[in-house]
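> Modelling step: build the complete structure from the supplied sequences, incorporating the hints.
There are 2 protein chains.
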Amino acid sequence: MRQSELFARTRREAPKDEASRNAELLIQAGFVNKESSGVYSYLPLGLLVLRRIEAVVRQELTSLGAIEMLMPALQTKDNWQATGRWDTFTDVYKLKDSSGKDFILGPTHEEVITPLLKNFLSSYHDLPISVYQFQTKFRDEKRAKSGLLRGREFVMKDLYSFHRTPADLDQFYARVANSYRNVFEQLGLGRYTYLTLASGGAFAPHSEEFQVITPAGEDTIHVCDNCRLAINSEIVNEVSECSGCHTPVAKLRVERAIEVGNIFKLKTRFTEAFDLCYKSESGQLERPVMGCYGLGITRTLGVLAEVLSDDGGLVWPEAVTPFDLHLLILGPENADVRAAGDKLYSDLGAAGWRVLYDDRAVSAGEKFADADLIGLPRRLVMSAKTLTTGQVEVKQRSSREVQLMFPSELLGR
Amino acid sequence: MRQSELFARTRREAPKDEASRNAELLIQAGFVNKESSGVYSYLPLGLLVLRRIEAVVRQELTSLGAIEMLMPALQTKDNWQATGRWDTFTDVYKLKDSSGKDFILGPTHEEVITPLLKNFLSSYHDLPISVYQFQTKFRDEKRAKSGLLRGREFVMKDLYSFHRTPADLDQFYARVANSYRNVFEQLGLGRYTYLTLASGGAFAPHSEEFQVITPAGEDTIHVCDNCRLAINSEIVNEVSECSGCHTPVAKLRVERAIEVGNIFKLKTRFTEAFDLCYKSESGQLERPVMGCYGLGITRTLGVLAEVLSDDGGLVWPEAVTPFDLHLLILGPENADVRAAGDKLYSDLGAAGWRVLYDDRAVSAGEKFADADLIGLPRRLVMSAKTLTTGQVEVKQRSSREVQLMFPSELLGR
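Protein chains in written order, with the numbering used here: chain A, 8 to 420; chain B, 8 to 420.
In case anyone wonders, no lab produced these hints; they're calculated from the structure. Do not take every clue at face value.
The list that follows gives simulated cross-link-like pairs (lysine-lysine, DSS-like), each with its CA atoms no further than 30 Å apart [what the hints assert, rightly or not]:
no. : chain 1 : residue 1 : chain 2 : residue 2
1   : B       : 144       : A       : 149
2   : A       : 41        : B       : 84
3   : B       : 286       : B       : 258
Covered stretches of chain A, going by a simulated chain B footprint (3 or more residues, C-beta under 8 Å) [as the list claims (entries may be wrong)]:
no. : stretch
4   : 38–44
5   : 122–134
6   : 145–155
7   : 187–198
All of these numbers come straight from a predicted model, not from anything done at the bench. Glycine residues also receive a C-beta, built at the ideal position from the N, C-alpha and C atoms.
Have a look at this one:
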């Protein structure tokens, strides 16, 4: 894409009404726009990153045999009364339609997927079932001051699984945990991410969260470096030691962290509420056990901005960068430079590279600053000077070193 | 995909609570699930079609130079008051957050995109700008009895364009109209679709709609077969003849139809409301003119089900079919048949075909009926009988003719 055609450009100054580093950076770099507290628009660059995060997650879940679908935001009061959560689930938006019927704007979808499966689940042959969606969720957050880390309208991946036995659920749950590790590894967050024992809420004594260490996090976790496990401070009084190596809790390192994923064994909490059952081999009606697994997509965008950025701006990992290469021409008023830049842009595209081409008539300093702010993994610079040898300056975003390369060397993938 | 692993299977009977043919068929075939009036879940097959409709539209809009982004559903009362539509826009959901602040669940996004561009538009160099999104919209429809043709929660593509001059808007508008024609042509709806003169609402004397002829439609249009143009009955008293060939309105054919797209010249209606302006070549502040262009994605799914189906079920066009081929094995308890089916399924996948593989242990009659109901363009049948010659029965969905082919003939694309 030609940067001259990208309407959502970088801003000279950080926005004044953002307290969080991630939103400040993403706004200044032209990835998101703030609409109201906790509500953002995703500008072209931001949307590209979101779609790539989704693609990484989708690939992992597909390899588990999970199937994608899409459920609605508008959920009926009836279903939420069936589970007893209409009055107890906090921070939700409720609304009435013109006939006076009550709805909730879904913060989660157990109340949709479980009754939906009553139309499809009949025999033990049908199990296990695992389905997921990338869907826009809503929560009426009282304090939405952490940018994309805590949105009022946000995209989640939510996966639900249904099994014949707790042992089968356990096995699937472990595979999901492994998939999540793969996702965060690919996103460059692996070394900051800890599987963390946390409160189980209404469902179970404990659940597990994936927590990424960052000072911007809203949680406190107790980290065991030996085992790469952690314990959420909310339950630290209930456990005495790291479940891996038995190090006493008091000796664990205390860190601020943000939850990017959580995995729950819901057992029969929801399948009972909706009387979901299946016929066993012996013809008995049995209750399936259920798991649910969330992963915040827009939150992960915020975490990447928060954790992987530096003083110059954003730093995208290869797996989710909006473009692979940032091609800059310096002195575009020089017809030779412009022609060489246009040709390289076109050749790189034909070779399968996704290129952001800074063809704008602005100063070299502004181009360099914007390239750092936008944070693509590799920057290529062409100028009258580099043209004398027919070469291009190549720099990795996270390095200061500049290398000279011939275009032909760049075209291979 | 193996059909044995597709949890969202066909239903033996049509649902009893659906008055519309499109929802009835899509539910029975396992493409959607009804959650409440006008609110549907998109099951795996339905979601695949939606994503393919989006891909067709995205390709057309990209070729116009339009850029994709994503705006939120939660929109502030302030912005809707600025345009005077807070009190006048009918059938919308409104809600309050916990602090008492008012929001509207967006039925359209002029109130987001226009103020958003104040952050980016400064000079005439920046124009034209055209941006679009695929986004979930909400309308509190009083009668939501037409299945996916009139949803309370639905996916729309909405495109907004901003120009220096009315002439530039006119030119872009004509290109969008042409893109829409291409979309409906690719979707197999071309011969049912008419560019229709309609009311301009608050903005202009007239707007234009793309109307698909179907008895399930909620509009009445007056069709000129010479020009492939139509006039919506809502304005038929204001015009005397077809704008193409001057045939008097009274001589036009009257048809029921459903609007699948609309294109509006908004002029400065919204850019004035938000005081959006740019600096001209002479340094003057000027007001950009604006267009907006909607295309219903979930509605188009409904229209395809309504218009292209037959007594046996759905009939998907190649461009948006959830899978290219439906491979059925008859008598899967025969190990040779199963092995041959498994091999062909794997070979077809490796050759780039997207295959739904009916490997279920059900009767041949059930498989044939389900294949018709699901409606993929080509059905392949393998059985002990076809194996004797090593061939496969091939049938087009819309034909009765069965052809025998060798697997090697199928593998080419």
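> State for each hint whether it applies.
Evaluation of the provided hints:
Using a Cα cut-off of 30 Å, the hinted pair residue 144 (chain B) and residue 149 (chain A) holds, with the two alpha carbons roughly 24 Å apart. For a cut-off of 30 Å, the pair hint linking residue 41 (chain A) to residue 84 (chain B) stands: about 15 Å separates their Cα positions. The straight-line distance between the Cα atoms of residue 286 (chain B) and residue 258 (chain B) is roughly 50 Å, outside the 30 Å bound, and the hint therefore fails. For the stretch 38–44 of chain A, the proposed coverage by chain B is satisfied: 3 residues have a C-beta within less than 8 Å of a C-beta in that chain, meeting the threshold of three.
Under the rule that three or more residues need a Cβ within less than 8 Å of chain B, the assignment of the stretch 122–134 of chain A holds, with 6 such residues. Coverage of a stretch by a chain is defined here by at least three residues with a beta carbon nearer than 8 Å to that chain's beta carbons; for the stretch 145–155 of chain A and chain B the count is 3, and the condition holds. With 0 residues carrying a beta carbon less than 8 Å from a beta carbon of chain B, the stretch 187–198 of chain A misses the three-residue requirement, and the given coverage is violated.
The structure fails hints 3, 7 (numbered hints given earlier, in ascending order).
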